[in-house]
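Q: Chain by chain, the residues run as shown.
Protein chains: 4
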Amino acid sequence: MEPIIVKYLDRPELNEPVLIEGLPGVGNVGKISAEYLKDKLNAIPFVEIYSKYLPPQVLIREDGTLYLVKNELYYYKNPHGRDLIILVGDYQGMSAEGQYELSYKVLEIAKEFGTKLIFTLGGYGTGQLVEKPRVFGAATDKELVEELKKYGVYFSSTEPAGGIVGAAGLLLGLGSVVFDMRGVCLMGETSGYFSDPKSSFEVLKVVKEYFNLELDLEEIELRSREITEITTQLKEEQKIEEKKEDLGYIG
Amino acid sequence: MEPIIVKYLDRPELNEPVLIEGLPGVGNVGKISAEYLKDKLNAIPFVEIYSKYLPPQVLIREDGTLYLVKNELYYYKNPHGRDLIILVGDYQGMSAEGQYELSYKVLEIAKEFGTKLIFTLGGYGTGQLVEKPRVFGAATDKELVEELKKYGVYFSSTEPAGGIVGAAGLLLGLGSVVFDMRGVCLMGETSGYFSDPKSSFEVLKVVKEYFNLELDLEEIELRSREITEITTQLKEEQKIEEKKEDLGYIG
Amino acid sequence: MEPIIVKYLDRPELNEPVLIEGLPGVGNVGKISAEYLKDKLNAIPFVEIYSKYLPPQVLIREDGTLYLVKNELYYYKNPHGRDLIILVGDYQGMSAEGQYELSYKVLEIAKEFGTKLIFTLGGYGTGQLVEKPRVFGAATDKELVEELKKYGVYFSSTEPAGGIVGAAGLLLGLGSVVFDMRGVCLMGETSGYFSDPKSSFEVLKVVKEYFNLELDLEEIELRSREITEITTQLKEEQKIEEKKEDLGYIG
Amino acid sequence: MEPIIVKYLDRPELNEPVLIEGLPGVGNVGKISAEYLKDKLNAIPFVEIYSKYLPPQVLIREDGTLYLVKNELYYYKNPHGRDLIILVGDYQGMSAEGQYELSYKVLEIAKEFGTKLIFTLGGYGTGQLVEKPRVFGAATDKELVEELKKYGVYFSSTEPAGGIVGAAGLLLGLGSVVFDMRGVCLMGETSGYFSDPKSSFEVLKVVKEYFNLELDLEEIELRSREITEITTQLKEEQKIEEKKEDLGYIG
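Chains as they are written, first to last, in the working numbering: chain A, 1 to 251; chain B, 1001 to 1251; chain C, 2001 to 2251; chain D, 3001 to 3251.
Watch out, some of these pointers could steer you wrong.
[Stated by the list, open to error] PhoX-like cross-link-like pairs, simulated, lysine-lysine; straight-line CA separation at most 25 Å: (1) K1105/B - K2105/C; (2) K2007/C - K3150/D; (3) K142/A - K244/A; (4) K1007/B - K2142/C; (5) K3205/D - K2070/C; (6) K1150/B - K1132/B.
I should point out that these hints are in silico values taken from the structure, not numbers from a laboratory.
Looking at chain A on its own, in the form it has when it is part of the complex (with noise of 0.2 Å):
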């Protein structure tokens, strides 16, 4: 078999457009982004991507019909801009060797439909909750740094320790080295144990001012404000137990 079977459903004429990537990945950063991207925009699905690097599984739908794992991509014509190419998916490769074959083909695909930018979404765990989630960045060339911190974007020179690991970080790596694509890497901070909106509310207040785009947040606010709910609740219950074991044994 082919290692990878693209399906092209359409090949829409595009304006240079994005490639926004958000697979699963730490906290579902960029999966819940890159999704919610697409649900609002009514972003139209365009090319179907199986592979044997994906796992060997068949998901089940409500109605009870089964569909092969696979990464989409979806394009949105932008009024107001450039327009979309987005990549959502059900999984990443399995393998170190599947995500490079994986992000390659995605490139190759975009590059056909004219693509010279690209945006990947994820998470930066940092292993604590976190009160205000802080997006950071890292991006192919010094020019992109600059114009992503007028938008609030943190560019540290420790932060992510390790880089940038799977899909966000090879199309951005693969894209300037072989296919002469620039880019930049958003992470939102998240604990990491949970999926989090509330750092894709942010990740996509970015993304929607960057590129001028009629995305309606509110929902994402929505569920943004049930996650600073639950983990202020958690909060305090930590503060109560930390401020118990400083009492020592007569609490």
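Given the coordinates of chain A, assemble chains B, C and D onto it according to the supplied hints.
A: Just chains B, C and D now, with coordinates in the frame of chain A:
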């Protein structure tokens, strides 16, 4: 070497044969079902599949002779309906990629013989002893879902959570995406703690009725009853244990 | 790079040579046997096999020089019967797929030189100290089973359970399926806890007699006796321990 | 994608350049040595190597820009002797097969530029703090063994037991088997518990002298002395601990 070595023992003329898969898996429900089917129907072996994706292992027969681990296809000319191709084997592929490759190859072979419909048989592990195993299903399209419901198959929006892993899922997933085949996965409930002919019995009843097979289920019913006896006993012992626990330190 | 690099040092004319394999494995019984065989028969190296399926490692000789890990073929022109090709090596393939590829390549080479019969040598791990190791067998056909029984080889319908894993099994399995070769696996009983020349001694006695070899077994018999002494001592200590335990707290 | 992507930044004319390797490994002795070498000699980068055998990862520079993990070749035109090609990198290959493929590719490139001799640099982990690290060696032939002994390199028939794993071994092993190159591996003793410039210092002294390099070792000698101070302190603390233990419960 060729990654998958296919040996044709025969090239029978078949009438739109259904591919029925039963490889090792949870509770060995699929394997027991498919092997019972081929034995009782006196199905004829016609394809042997060897592969580097299977374990590097030979198995030893009672008479001291050995054979390389393999998958096999048997055919059965059904006088009352569609012909069958039955897939059985010692193992599934060892790696995710190997599972994709093996399933793809089986589909290629089935296509050659005219297959348009696939039934995959497996177990659905509940982690608990099951008094009366239900048969759960998932299908490639809604028509098949509706059709199978008439045979008592359960389609649940929540079960099995996590989808279907391995050949039982891949044959349907790849079959529909690449080979334009339709199909159903039948999953018999099973604890998953032992090889479970009772669950296979329930699965086989659906298969028998759906394909109008002259299939003698007496032997598997017998083995099924033995399982019932054992599990009934186990359950009673469990209850006694639990009562003891309820009585606390006194017991 | 080529996944397997074959270097021919010589291309001898051989008379239907038997392939005899002895690579590292349980109790190193096969390795010890095959290396003893090649050393005592002054067999001549003629093929070196390097591969990315072997560990990424060089080994160091006593004089400070190093060599890449490899498998090797030696030949021996037998004045009293069939010629031999002896397969020895530092390692077996690291992955299942690599083991298939390496065994296949060895069979291709053996075929070139006219091989129709294979003897693979190995250990059968019992997990217990064995006073008098038996030699178990498994063969590609019934004639060989009957023939080897005459040499005192045991063929059991239950042992070894789980079949034979690795090159000792694959060479026979692939040999019979793809290369139309016949063969036998001889497995000496061994605890599996240490390299076991005693088990190799029993295996070599069968090989010597079967192929009518002028093979001096004195040295391996000596090493075998040393093992007997050590294990006898260990067994006695065990008995003393057990007696102590029987005496309970008093001891 | 191509499994290994090679980008030539330049194609210098070199005079039988020696390939000097120093990739991450035990105590990072090789990496520290090779990077010191390229920095102090102002060696010029001319080849970048990207590969799916490396981790699927980008690393982030201080200024917020990112780059795909890679290996790199630098060249140095030596006015007093042979030219150098220096191999450095962020990682070694992740899998055994990947390590073979990467080493093979580096050798192909080096061959293009006329390389006949290889020096690989690494650490030899002793698991203990080392007061005065010795430099152990292993070479492709006896002449090189004798030659390097004159530079104070130790060749032991027992150390390192287990041979040499990874690029430091493979480059020499594949180099001699496939590319007709000779070479030496220099291994500085190191505890293996931390990045060890002290061990690198000893290795670099051999390299400097052997190739008659104008190499300023002052900085690494300084870092080496810092290590000495730290380990001396650690050792004294250890002794105090041990004395305490000797005094038993009283201490």
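Q: Each of the hints needs a verdict: does it hold here or not?
A: Here's how the hints hold up against the structure:
1. K1105/B - K2105/C: 23 Å, holds
2. K2007/C - K3150/D: Since the Cα atoms of K2007/C and K3150/D sit roughly 34 Å apart, the hinted pair is violated (cutoff 25 Å).
3. K142/A - K244/A: 49 Å, violated
4. K1007/B - K2142/C: Between K1007/B and K2142/C the Cα gap is close to 22 Å, so the pair holds against 25 Å.
5. K3205/D - K2070/C: 34 Å, violated
6. K1150/B - K1132/B: Cα-Cα ~18 Å, so holds.
Of the numbered hints listed earlier, those contradicted by the structure are 2, 3 and 5.
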